[in-house]
Amino acid sequence: MKQKHIESHLSSITREFTNPKIRLEQYPTSVELTASIVSFARDDGDLGPGRTALDLGCGTGMLSFGCALVECDAVLGVDCDPDALSIAQNNAEELEIDVDFVIGKVNDQGFVNDNKEIKSRVRKKGARSRGRPQQTALPSLDPNIPDGLSLRDNCVDTVLTNPPFGTKHNAGIDVRFLKAATRLARRAVYSFHKTSTRDYLLRKISEWGYEARVVAELKFDLPQAYKFHTKKSVDIQVDLIRIQISKQENDNAVDNSLDEPEQTKESIAEMQALGKTD
Amino acid sequence: MRLLTHNTLRNNSQAAKGEGFPLKITATEIRVEEAPVLAEDEQQLSFVKGILGMLDWSALVVAASEMGLDKALPPILTEDLTKDEDFLRALFHVLMNVHLVNGVLTCPVTGREFPVMDGIPNMILEEEECETIRI
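Protein chains in written order, with our numbering: chain A, 1 to 278; chain B, 1 to 135.
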């Protein structure tokens, strides 16, 4: 299915959350961005006939439907919010697409640098007198703690995720999502992350034993996150990262690039020009 | 929730100690869709052949029977069967077209229950259940 057709199908459904839960950073992935990513992933052989996919943090289902529209054989959508999944299910019926949804949550507990550590460091006179700045780092989620998802390892070919980026209450949640995605995938992971965290992430991914590359640089227009923010939305530089999970680049290669060999360059260019939300 | 999905679900809580599968199915409402469409036959056969190696076969056999498909699947997957197209078509149907709409999934080790409502299993673990051991 051509990218434009994918877009028109996706445009017909309810992608907005009814009462978005700010704590969960709920906003839909845009129609154009979804169509771009799934077309690009299909051309890379990561999606399409012969492939299974999982959308981690699927919300109202955009990426899941994108995977189904490029004809993945089976698609699974996982999210922690039953309200969002209810919208996703209605959308699936509208599109006459068969996707299974599961209520699951990436564990958002288990911090490195917990508060006790910070307080005790601050009390030490030595820290100040040696000219070291006061410890102000936020407690951040430890990526080495199990993700809490009730799924077995390597259960699908490709995982796509548009994770929450994290606030002061769950800093590092996006890394947890990413780690979980690498556990669940057999072949590849596509994920979005703030460009400001790129070096840290690429290093982490390498420590986990995988190769990754930044596939596109995007600007996301995120809705107001906190009440005290005066702007209605904020622009953030975002990377789309692809992680290679399977060891051999071409194992189980499926030729899905029949229609549009030029699609890949176009898709990247289009993705670069897009925002995250409509 | 189709049987293909059920085959991937686990109770990954600390208490289950890595043994939390297969989840026992207690079905109160099931929906079966029509048999495979002829036009998509080749793609479906290709898909089934591709995932055969990935399935937990004994878990699938038990699950199918818990969904009311008594003796639908042979207890052992033989080499011959993997080349039998009629068998593969039947397998596609069992994996993809039989849905648990309402019911409960139960962990074989801890007895922990995961409800399934409107086709969606609720697999969220509470904070206390999550593993805190670094991996």
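Derived by calculation from the structure, the hints in this document are not laboratory data.
We put the beta carbon where it would ideally sit given N, CA and C, even for glycine.
Treat the hints with caution; some may be incorrect.
Unchecked claim - To spell it out: a stretch of chain B is covered by chain A in this simulated footprint if at least three of its residues, at any positions, have a beta carbon under 8 Å from a beta carbon of chain A; those stretches are:
hint: 1; stretch: 3-14
hint: 2; stretch: 45-51
hint: 3; stretch: 108-120
What the hints assert, rightly or not - Computed from the model, here is a short list of chain A residues facing chain B with C-beta under 7 Å:
hint: 4; residue: D44
hint: 5; residue: G50
hint: 6; residue: V102
hint: 7; residue: Q109
hint: 8; residue: V112
hint: 9; residue: G148
hint: 10; residue: L151
hint: 11; residue: R152
hint: 12; residue: D153
hint: 13; residue: K168
hint: 14; residue: G172
As the list claims (entries may be wrong) - From the derived model, a few chain B residues whose C-beta atoms are all more than 12 Å from chain A:
hint: 15; residue: G20
hint: 16; residue: D70
hint: 17; residue: K83
hint: 18; residue: H99
Right, here's what the structure says about each hint:
1. Restraint check on the stretch 3-14 of chain B versus chain A: 7 residues with Cβ-Cβ distances below 8 Å, three needed, restraint holds.
2. Beta-carbon proximity to chain A at under 8 Å applies to 4 residues in the stretch 45-51 of chain B; the threshold of 3 is reached and the given coverage holds.
3. By the rule of at least three residues with a Cβ nearer than 8 Å to a Cβ of chain A, the coverage given for the stretch 108-120 of chain B holds, with 4 such residues.
4. Taken as an interface hint, D44/A does not check out: its beta carbon lies about 18 Å from the nearest beta carbon of chain B, beyond 7 Å.
5. For G50/A, the suggested interface contact is upheld, since its CB lies about 6 Å from the closest CB of chain B, less than 7 Å.
6. Proximity of V102/A to chain B holds as hinted, the smallest CB-CB distance being about 6 Å (cut-off 7 Å).
7. Given hint, Q109/A at the interface with chain B, holds; its Cβ is 5 Å from that chain's nearest Cβ, closer than 7 Å.
8. Among the interface hints, the one on V112/A is violated; its C-beta lies about 10 Å from the nearest C-beta in chain B, farther than the 7 Å criterion.
9. Proximity of G148/A to chain B holds as hinted, the smallest CB-CB distance being about 5 Å (cut-off 7 Å).
10. Taking 7 Å as the C-beta contact cut-off toward chain B, the hint placing L151/A at the interface holds, the least distance being around 5 Å.
11. Against a cut-off of 7 Å between C-beta atoms, the interface hint on R152/A holds, since the closest Cβ of chain B lies about 5 Å away.
12. A distance limit of 7 Å between C-beta atoms decides the matter here; for D153/A the minimum to chain B is near 9 Å, and the interface restraint is violated.
13. Annotation: K168/A was flagged as interfacial toward chain B, and the flag is violated, the nearest CB pair being 19 Å apart, outside 7 Å.
14. Interface hint at G172/A: violated, since its Cβ lies 14 Å from the closest Cβ of chain B, which is beyond the 7 Å cut-off.
15. With a least beta-carbon separation of about 8 Å from chain A, G20/B fails to lie farther than 12 Å from that chain, contradicting its non-interface assignment.
16. Annotated as non-interface, D70/B keeps its C-beta farther than 12 Å from every C-beta of chain A; the closest such distance is 23 Å.
17. At the 12 Å boundary, the C-beta of K83/B stays outside the reach of chain A, the nearest C-beta of that chain being 18 Å off.
18. Distance check on H99/B: its Cβ comes as close as 8 Å (rounded) to a Cβ of chain A, failing to clear the 12 Å threshold; non-interface status is violated.
Hints 4, 8, 12, 13, 14, 15 and 18 from the list above are not met by this structure, while the remaining hints are.
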